[in-house]
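With chain A held as given, fit chain B onto it using these hints.
Now for the letters of each chain:
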Amino acid sequence: MGRFVLRRLLLLIPTLLGMSVVIFLMVRLIPGDVADTLLSGESGSDVQAHTALRHALGLDDPLPLQYVKWMGSVVHGDFGTSLVTGRAVAGTLLPALEITLELTIIASVVATAIAIPLGVFAARRANRPSDLAVRTVTLLGIAIPDFWLATLLLLFTSTVFHWTPSVIWVSFPEDPLGNLSQIWMPTAILTLFVIASTTRMTRTTMVDVLSQDYIRTARAKGLDDRRVIYRHALRNALIPVMTLSGVQVATLLSGVTILEVMFGLPGVGYTLTQSIYKRDYPVIQDAALMLALIVILLNLLVDVLYAVVDPRISRR
Amino acid sequence: MGKSTHSDRGERATQGTLNAVNRRQLLIAGGALAGAGALAACGSSPSAKTTGGGSASGGTLTWGSDTDPTHLIPFGANATATWRVTSLIYESLVAWDRNLKVVPALAESWDAPDSRTFVFKLRRDVRFHSGKPLDAEDVKYSIEQQKSPPPPGADLGFYPPIESVEVVDRYTIRLRMSSPAASTLGYFAWNRSSSIIPAGFFEDNNARTQTDGTGPFKLSEYVPNDHVALERNPDYRRSGMPKVDALNIKILADEGARFAALRSGAIDGATFGPDTAQLARRDSDLVVMRGLTASPYELEVQLRDHSTPWYDVRVRQAINAAIDRQQIIDKVFAGDAVYAGKIAPGYGNWPIPEAELKSNFLKYDPDRAKALLAEAGHSGGISLTMLSIADPKSFTQVAEVIKDQLKQVGIEVQVQPLELGAFAERNGKGDFEWMSTGRGMRGDPSGFLADFDPKGSTYKAWYGGGWRNDELIGLLNDGIATVDDAKRHQQYRRMEEIVLTELPVVPLVEPYKFQILGKRVKGMYVSYTDADPGLVEATVS
Numbered sequence: 001m002g003r004f005v006l007r008r009l010l011l012l013i014p015t016l017l018g019m020s021v022v023i024f025l026m027v028r029l030i031p032g033d034v035a036d037t038l039l040s041g042e043s044g045s046d047v048q049a050h051t052a053l054r055h056a057l058g059l060d061d062p063l064p065l066q067y068v069k070w071m072g073s074v075v076h077g078d079f080g081t082s083l084v085t086g087r088a089v090a091g092t093l094l095p096a097l098e099i100t101l102e103l104t105i106i107a108s109v110v111a112t113a114i115a116i117p118l119g120v121f122a123a124r125r126a127n128r129p130s131d132l133a134v135r136t137v138t139l140l141g142i143a144i145p146d147f148w149l150a151t152l153l154l155l156f157t158s159t160v161f162h163w164t165p166s167v168i169w170v171s172f173p174e175d176p177l178g179n180l181s182q183i184w185m186p187t188a189i190l191t192l193f194v195i196a197s198t199t200r201m202t203r204t205t206m207v208d209v210l211s212q213d214y215i216r217t218a219r220a221k222g223l224d225d226r227r228v229i230y231r232h233a234l235r236n237a238l239i240p241v242m243t244l245s246g247v248q249v250a251t252l253l254s255g256v257t258i259l260e261v262m263f264g265l266p267g268v269g270y271t272l273t274q275s276i277y278k279r280d281y282p283v284i285q286d287a288a289l290m291l292a293l294i295v296i297l298l299n300l301l302v303d304v305l306y307a308v309v310d311p312r313i314s315r316r
Numbered sequence: 001m002g003k004s005t006h007s008d009r010g011e012r013a014t015q016g017t018l019n020a021v022n023r024r025q026l027l028i029a030g031g032a033l034a035g036a037g038a039l040a041a042c043g044s045s046p047s048a049k050t051t052g053g054g055s056a057s058g059g060t061l062t063w064g065s066d067t068d069p070t071h072l073i074p075f076g077a078n079a080t081a082t083w084r085v086t087s088l089i090y091e092s093l094v095a096w097d098r099n100l101k102v103v104p105a106l107a108e109s110w111d112a113p114d115s116r117t118f119v120f121k122l123r124r125d126v127r128f129h130s131g132k133p134l135d136a137e138d139v140k141y142s143i144e145q146q147k148s149p150p151p152p153g154a155d156l157g158f159y160p161p162i163e164s165v166e167v168v169d170r171y172t173i174r175l176r177m178s179s180p181a182a183s184t185l186g187y188f189a190w191n192r193s194s195s196i197i198p199a200g201f202f203e204d205n206n207a208r209t210q211t212d213g214t215g216p217f218k219l220s221e222y223v224p225n226d227h228v229a230l231e232r233n234p235d236y237r238r239s240g241m242p243k244v245d246a247l248n249i250k251i252l253a254d255e256g257a258r259f260a261a262l263r264s265g266a267i268d269g270a271t272f273g274p275d276t277a278q279l280a281r282r283d284s285d286l287v288v289m290r291g292l293t294a295s296p297y298e299l300e301v302q303l304r305d306h307s308t309p310w311y312d313v314r315v316r317q318a319i320n321a322a323i324d325r326q327q328i329i330d331k332v333f334a335g336d337a338v339y340a341g342k343i344a345p346g347y348g349n350w351p352i353p354e355a356e357l358k359s360n361f362l363k364y365d366p367d368r369a370k371a372l373l374a375e376a377g378h379s380g381g382i383s384l385t386m387l388s389i390a391d392p393k394s395f396t397q398v399a400e401v402i403k404d405q406l407k408q409v410g411i412e413v414q415v416q417p418l419e420l421g422a423f424a425e426r427n428g429k430g431d432f433e434w435m436s437t438g439r440g441m442r443g444d445p446s447g448f449l450a451d452f453d454p455k456g457s458t459y460k461a462w463y464g465g466g467w468r469n470d471e472l473i474g475l476l477n478d479g480i481a482t483v484d485d486a487k488r489h490q491q492y493r494r495m496e497e498i499v500l501t502e503l504p505v506v507p508l509v510e511p512y513k514f515q516i517l518g519k520r521v522k523g524m525y526v527s528y529t530d531a532d533p534g535l536v537e538a539t540v541s
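Residue numbers (this note's numbering), protein chains in the order written: chain A, 1 to 316; chain B, 1 to 541.
This is chain A alone, in the form it adopts within the complex (with noise of 0.2 Å):
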């Protein structure tokens, strides 16, 4: 197990390398820098000035130099220096990681919390009125975008209750109740996505599960309802559910993204979307490279997990 996981560690340094390389091109392909943003003077700065600034930005080195200057920077561990605010990457990142973070987390363990055991729920009443019940609900989750149940949800609660999430950031230690009454509305948005195809996820093997022939076995040797069901059949119906899971970060993550610049939140895909305007590379290339590294250790979570549900993964 160890070894395991400590090979999957070691394979993170090229995956990180190859995003990195990705990431560097991809953002150097879009057309315009930092100079044409920040010097858009309407009636035009000179060439020189242009000249003069994409200079003292160090946007004039040849393309490799600028990929070392990054990594070195990364390496260093911090970040590199926003082209835009002249501020350390680093301290415009982290803070907006911890939004983000306790937007997904949060979302991910209430989601879980109860699409696991309303699919199972749906799945031993398999095509009686409660799993339609169940499924049509979770369909219209999947179905309805998320920045479009904001938008009504906002629109709602200002025009009835004149009440909508204050606006100005407050941190959970700073204020924790503040803080709660700003991010329910986001959150509850995601959780409604995840709960909706995890609990599909979850009904599906697990009524594929309950019609093996060991369900019967174990049914058969007199165990009782509550052993079968939760040792027995969930334990072998949760593996393709935290494949899942794991693929649905990336979804996760984009989702939030929307979310935060709806609900004027400071996160990491606020942060990233805000940046990509304004050409500020090392903010686009730190935050992407970021969301990237988040995406591969939850799926390498997902694999550790693999192991502990079903021994035989770990043995291979």
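If you are wondering where the hints come from, they were derived from the structure by calculation, not from laboratory data.
For each residue, glycine too, the CB sits at the ideal point set by N, CA and C.
Hints should not be assumed to be uniformly reliable.
[To be verified] Facing chain A, from chain B, some residues (calculated, C-beta under 8 Å):
1. 68
2. 227
3. 252
[Claimed, not checked] Away from chain B, derived, C-beta distances all over 12 Å, residues of chain A:
4. 3
5. 34
6. 37
7. 61
8. 62
9. 127
10. 136
11. 208
12. 214
13. 235
14. 246
15. 248
Coordinates of chain B only, in the frame set by chain A:
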């Protein structure tokens, strides 16, 4: 964080004490003063919340903004969103009143002994937010920095031909110009590239995140992509201003979310598009304000290339006659826009009046358009590509309406929306055929015509080696050197006529700007400058 010293915090505590209205508060404030060091450490002033100086109403106003200011550099790298914040923190020698009349600001008076000299007398009672008193050395330093601002700033092309800045005495400054420049006062009044900062500011501070101005508000906190917190400058030169104790500017990019926050009272007001304004008019808890702001829409034409059909002026005139501006106004702006000439509508009494634009220069006449095209030998039709800014959508919507209109006279338009950064690059290089874009505020009427000056970089990018008009160039040079107001009006009138006939650019319309307020805000107004100076005079109940 704003640059703030112990001495200025101490002063603020004193100020709060003096304005306290009853004995008990005096005693409490006195106690607080004894612990001024502790107060400074907390970084907040409780007394300011309840008292406030002069006729100030106190309270906190939260204003919504669609774009993050990104940084707070006083000049040289300022996007409009930056300037909307810095114009509340920094000031210049003179300012504009609501009608764009130049009024005293940091200079209490000024004089032009000859056409190449300006003398400014500074007020003696002004202090920077750091507590340092303002003197002529600060002004000299500021104006010299404005000429070539340190990176990431650069001269944006508005700097007047100032040859030297001389300190006459502690409160007198003399500018010598290399050529007569009637645009100088407007340059300072605009305060976009001309803010006054303390001497050594750029060397002593990170100008992107630290501020030290003389303006109505001082910075207390800037959290990127979230909000800017400003607090009342108790030493502000206009007594009783600003009226609120604190001003928060909250960044909410999504218009729907911004409107929801306004309805719930989470923000007190913000700028919105015409569609939201229609919605808000039905809500009795909201106040919708409408005003012109310098934001004309126009079509830029690339005229370097002699081989294009529109290098022939008749084709440009045909396109101009084939555009029905009223339809643009109705379809894209729900009726809330006016015809625009080259000098933005509402810019004092400089622009050609709308009635004349409608009946003459910008008249919709598709038959004339067809005749002109035939005359130019293009009755078989032509095709062109029009770039547009993708966000805000209105630039692309305008281009789409024009595409339909030009089709009626046999011109095929392909609209290509570009995201702003990509657009800025093509714009700067002159890499386009036609462009649907918008322009902004200028310090002086000459600024609206600067594109046609062969010395400028815009001319080189868009027209270089191609279109030029010698009468216009002569007038540009005369106009900037003329001091006599009536004569200047004649000159700019003639320049606008030339542009509207030669059409090196096709001006379209100027939409109204909408700001929507919650009921607790009073005294706010829509400013023509596109910044929000009304926030200084606004009160909350």
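Right, here's what the structure says about each hint:
1. Residue-level restraint check for residue 68 of chain B holds (minimum Cβ-Cβ distance to chain A is 6 Å; threshold 8 Å).
2. Taking 8 Å as the C-beta contact cut-off toward chain A, the hint placing residue 227 of chain B at the interface holds, the least distance being around 5 Å.
3. Against a cut-off of 8 Å between C-beta atoms, the interface hint on residue 252 of chain B holds, since the closest Cβ of chain A lies about 4 Å away.
4. The claim that residue 3 of chain A is not at the interface with chain B holds, since no C-beta of that chain comes within 12 Å of its own (minimum 43 Å).
5. For residue 34 of chain A, the requirement that its beta carbon stay farther than 12 Å from each beta carbon of chain B is not met, with the minimum near 8 Å.
6. Annotated as non-interface, residue 37 of chain A brings its C-beta within 12 Å of a C-beta of chain B; the closest such distance is 5 Å.
7. With a cut of 12 Å on Cβ distances, residue 61 of chain A stays outside the contact zone with chain B, its closest approach being about 15 Å.
8. Every beta carbon of chain B lies more than 12 Å from that of residue 62 of chain A, the smallest distance being close to 20 Å; the non-interface claim holds.
9. At roughly 40 Å from the closest C-beta of chain B, the C-beta of residue 127 of chain A stays outside 12 Å, upholding its exclusion from the interface.
10. Against the 12 Å criterion, residue 136 of chain A stays outside the reach of chain B, whose nearest CB is about 28 Å from its own CB.
11. For residue 208 of chain A, the shortest C-beta to C-beta distance to chain B comes to about 42 Å, beyond the 12 Å cut-off, and the non-interface label holds.
12. Taking the minimum C-beta to C-beta distance to chain B, about 52 Å, the non-interface status of residue 214 of chain A holds against the 12 Å cut.
13. With a cut of 12 Å on Cβ distances, residue 235 of chain A stays outside the contact zone with chain B, its closest approach being about 43 Å.
14. With a minimum CB-CB distance of about 29 Å to chain B, residue 246 of chain A clears the 12 Å threshold, and the non-interface call stands.
15. Its beta-carbon lying about 24 Å from the closest one in chain B, residue 248 of chain A satisfies the requirement of being farther than 12 Å from that chain.
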